[in-house]
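*Asks:* Listed here are the chains, written in short residue letters.
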Amino acid sequence: MSQIGSFALMLALGLSAYSFLAGLVALFGKDAASARLGETARRAGIATFAAVLLAGIVLVAAAFNDDFSIAYIFHHSNRELPLAYKFAVLWSGQEGSLLFWSLLLAGYGFVLRLRYKTDHRLFAYASMIIASVQVFFLLILNFAARPFGVMQGPLPADGTGLNPLLQYPEMVIHPPMLYLGYVGFTVPFAFALGALIMKYPGEKWIHITRRWTMVTWCFLTIGVFLGAHWAYAVLGWGGYWGWDPVENASLMPWLTGTAFLHSVMMQEKRGMLKVWNMALIFATFLLSMLGTFLTRSGVISSVHAFAQSSIGTWFLVFIGLTIAVCTYFLVLNRAHLKSEHKLESLASRESSFLFNNLLLLVVCFTILWGTFFPILSEFVQGHKVTVGPPFFNRVAIPVALLLLLLTAVGPLLAWRKTSLESLKRNFLFPAVGSIAVGGMMILFGVRPWEDPSYFYATMAAVLAALVIFTVISEFLRGGRVIAGKTDQNLVSAMVQLCHRNTRRYGGYIVHFGVALVIIGILGTPFNKEVEKEMGFGDQINIGPYTLVCQSYTQDDNPNYGNEWAIINVFRGGKQITTMYPERRFYKASQQPQTLPRIYPSFREDLFLVTDVYLVYEGKNETTGRPIIKAHLNPLVPWIWIGLIIMVFGTIVALVPNAAVVRVAATTPVREPAHVGAGD
Amino acid sequence: MRTVSSSQYPITSNPVRRWLQAAGLALAVVILMGASDTDTRFKDLGHRMMCACGCGQILLECNHVGCTYSDKMRDQLMAALIRGGGGGESGGSGGSGAISDDLILQGFVQEYGPTVIAAPTATGFNRVAWIMPFAALAFGIAFVVYVVRSWKNRPTPALADGIVIPHGSELDELRRRARKETDL
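Protein chains in written order, with numbering that gives the first Met the number 0: chain A, 0 to 678; chain B, 0 to 183.
Don't take every hint at face value.
[Claimed, not checked] Derived EDC-like pairs (lysine to aspartate or glutamate); straight-line CA-CA distance at most 20 Å:
1) A/K527 with A/E449
2) B/K71 with A/E530
3) A/K531 with B/D38
4) A/K573 with A/D537
5) B/K42 with A/E449
6) A/K416 with B/D70
7) A/K527 with B/D38
8) B/K42 with A/E530
9) B/K71 with B/E110
10) A/K527 with B/D36
11) A/K531 with A/D604
12) A/K423 with B/D171
13) A/K29 with A/D118
14) A/K337 with A/E202
15) A/K586 with A/D555
16) A/K416 with B/E169
17) B/K42 with A/E528
18) A/K586 with A/D157
19) B/K71 with A/E620
20) A/K586 with A/D554
21) A/K423 with B/E172
22) A/K116 with A/E38
23) A/K116 with A/E169
24) B/K42 with A/D555
25) A/K527 with B/D171
26) A/K383 with B/D74
27) A/K531 with B/E169
28) B/K42 with B/D74
29) A/K527 with A/E620
30) A/K586 with A/D118
31) A/K416 with B/D43
32) A/K573 with A/E620
33) B/K71 with A/E532
34) A/K531 with B/D171
35) A/K586 with A/E79
36) A/K116 with A/D30
[What the hints assert, rightly or not] Pairwise CB distance ranges (calculated):
37) B/D101 with A/F86: 33 to 39 Å
38) A/P155 with B/A121: 50 to 56 Å
39) A/E38 with B/E169: 54 to 60 Å
Keep in mind that the hints were calculated from the coordinates and are not lab data.
Quick reminder that beta carbons are idealized off the backbone N, C-alpha and C, glycines included.
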C-alpha cells in the first residue's frame, strides 16, 4: 500500500513539474506549437490532481485498514479509533496534513484548469503559478516529510492512537475548512501575479477571481471560528481564543484577505489602488504560507504545533523566493498599475476603504509583531519573553474598535464625495440607537470608568449597535423605495433589494454578523467561575444558577474509559437542564482528556444568553469526589450565531445580481433605474 | 456500564490538595485582612503570568490535565500575597510590610525565568514591543493622509473640447438629484 502511495506522489511531482515547466515555456511562444505545449501543461495539471487524490485515498485506506506498517498510520491511529477519526487521520499529523494541503491545491487547480476558456492566456499564467506551488509541496512530500514512510523492525500490533484533543467531531470539519481557506488564497494570488506578469489590461482578472476570493475567505472564516469553538468546547479553560501563535497565524491572512475584499472594490469601480491590491493578495498568500511554516518549523512554541522538523527551512526558502518574484514584477511593471482616478474627498467611500485597510493591516502587523517578538527578543536580549493575551488585548482591541467604527460609518459614505447633509440624515438613527445602547448598559450597572475592560466592553457594545443599526437603516431605506415603487410589502422588497445588488447587501449582512461576533466577545469581562469539590447533593451557586451534583459515574469502551458527573442545573428554583461534564482516559495514547459541557441559556435569556460551562477537573483521591469548575460566560453564543450570519452574507454576496429594477409603469416608461450601484 | 476504579486514571492528588490549601489560605485572608483586595490582586497577578509548564496558557486559566506547575504557582502567589499584606500597586507598597506586585512578579521571574510574565514589561528593549504597533498606526495614518492629499491635488486630466465638468454647488445639486432619482 505504501508503495502505491509513494508512487502516486512521485508521479504527481513529475506531472506538476511538467505542468510548470511546459506551461512556462509555452507562455513565451505565440505559435501553434506553443499552444499545443500549453495544452499538455494544462492536462498534466489536471492529471496531477488524479495522482495526489490517489495518494490521499491510499493514506485514508491505510488508516481504515489499520496498516501499521506505515509509520504515519502507526503514530496517528489505532484499531479502536472510530471511523470518522480514521478519516481525519489524513490531516492529523505533519506529513498527512501536507498531503492534504497538496490535495486541496490540486483540487483548486483542477477546477481552474477546467474553466480555462474564460481567458486562455490569463488562465495559462495562473495554472503555471499554481503548478509551481504544487511542485514545492510535492517536493516536501517526496523528500522531507514522507507520509508513506514504513516502520522499521517487527510490525506493531496496534498504533499509538490519535491525539485525544483531536477526537472531537469538529476536528473532522475544522482543519479542512481552514486548509480550504489557506490553500484557496493561492488561486487569487496566481491570477494576480499572472495578470501582473502579462500586464493584463483592465480589471477582468479581479472579476474572474472575485468569487474564488470570497469563497476562500468564507472557508477561512469558518475555519478560524470552528477552531475557536473547538478550543472552547474541548480545551476546557472556558475561553475560545488564547492568542496562541498558531491561532494568530490563521487570523493574519484572514485580516489581509478581508482588506483585499474591500480595497479591490476601489479598483473595480474607480481604477484605484492597483499596486496596493497586488501587494495585499501577495501578502495574504505569503501569510498563509507563514502560518503553515509556523505550525511545522518549531520556531515558535505552540500547543497546536506539529513535531519540530527540518521542513521549516523549505518553507523559508519558498517564502523568500515568492517575495523576490513578487517584488521583482511589482517593480518591473509598476507603470501598468497606475491609478486611473483621483480621490475627491476625505468624506467618501474611497477614503473609508483606505482607513479600513490601514486598520486591518495594523491589527495584522500587531499580531505578526507579537508573534515574532519572542524570537527578536532572544536575538537582541539573549532571552525569550512571552507575548501573551495581555499584550494582544491591550494593543489590538483599541484598533479593532476603530475598525468597528469604520464598519458602521463606511457604508453611509458615498463614492467620490458625501455631503454633510446626507451623512447627518443617514447617521441620525444609528447614532441615536447606539448611544441608547450605551446608556442602557450604564443603567444596568456596567461602569465603564471603573475598569478598562468594562470601558472596552461598553465601547464595543455601542459600536456593534452602531453597525447593526446602520445595516438595518440601509435595508429599510432601500426596501421602502422598492416597496413604494412595486407595491410589495417591506420584507419582500428588502429581499428583492438584496437580490439586485447581492454583493452590497450580502456585505452588509456580513457586517451584521461581525457585530454579533463582537457582542459575543464583549461579554468576557463579565465572566464568572467557581471551582468546588462536589459530593452527592452538594451545590455550587454561580450567578442566577444553582448546580446540584446528582451523581457521578464511570464507563468504558474499547477506545477510552471515562468518568462524569451528573449535575442538575436550577434557576429560580426550577430545574432547567442536566449536564454531564466528562473526563476520559484514552487507552492507546495513554492520555487523559477533559470534555466540558455547555448549556446556552437561550430559553431563559434570549438576548443576554449565557453559557453555563462545566468542567470535570478530576477526582480528589482522598475523598473520591469529583472537582467541578463552573463558568458563566455571558453572550458567547452570539459569536457562533454571528459566524452563521457572516457565512450567510457571503453566500448572498456570491449570488449573481438580478439585472435591473422593474418599475411598475404607471407613467410613461422611462429608462429602468439601476439600483444599488454604490456598493 | 461498568465501574472503573479511580486509580486507573492518572489524576494528580497534589494539585487538589494544594488547591484546598490555597482555598484555606484564601479563607484566612478573608477573615484576617478583607477578601476583596487580595482576591483582586490574586486574579490580576494570576492573569499577568503564564503557567510555566509550557502549555501556553495564562496561569489562572491553565487547566490542562496533570499539570505539575499551575497549582504550585497559584499557591506560591497566594502565599506571597498573604506574606506581603495588602496594597501592592505596581511599583509601590500598600502599607508596612506590603510586597508590591512588581516584587511578586520579580520573584516568579527569578524562579521560573522571564517567560513567566505574560506580556513584555515596559522596560529596556521590551518597550519596543509596545511602541511598534502604535508607531505603525501613526505612520499608517500619516501615510494615508498624505496619499489622500496628493490624490486630491493631482491635476485633472485634460478634457476634449466642448465638455464642461460641473463644479462646486452645481455638482452637488446634480448629485442630489441623482440620489433622489435612484433613491439609493
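*Asks:* Provide an ascending list of the numbers of those earlier hints which the structure does not satisfy.
*Replies:* 6, 11, 23, 24, 25, 26, 27, 29, 30, 31, 32, 34, 37
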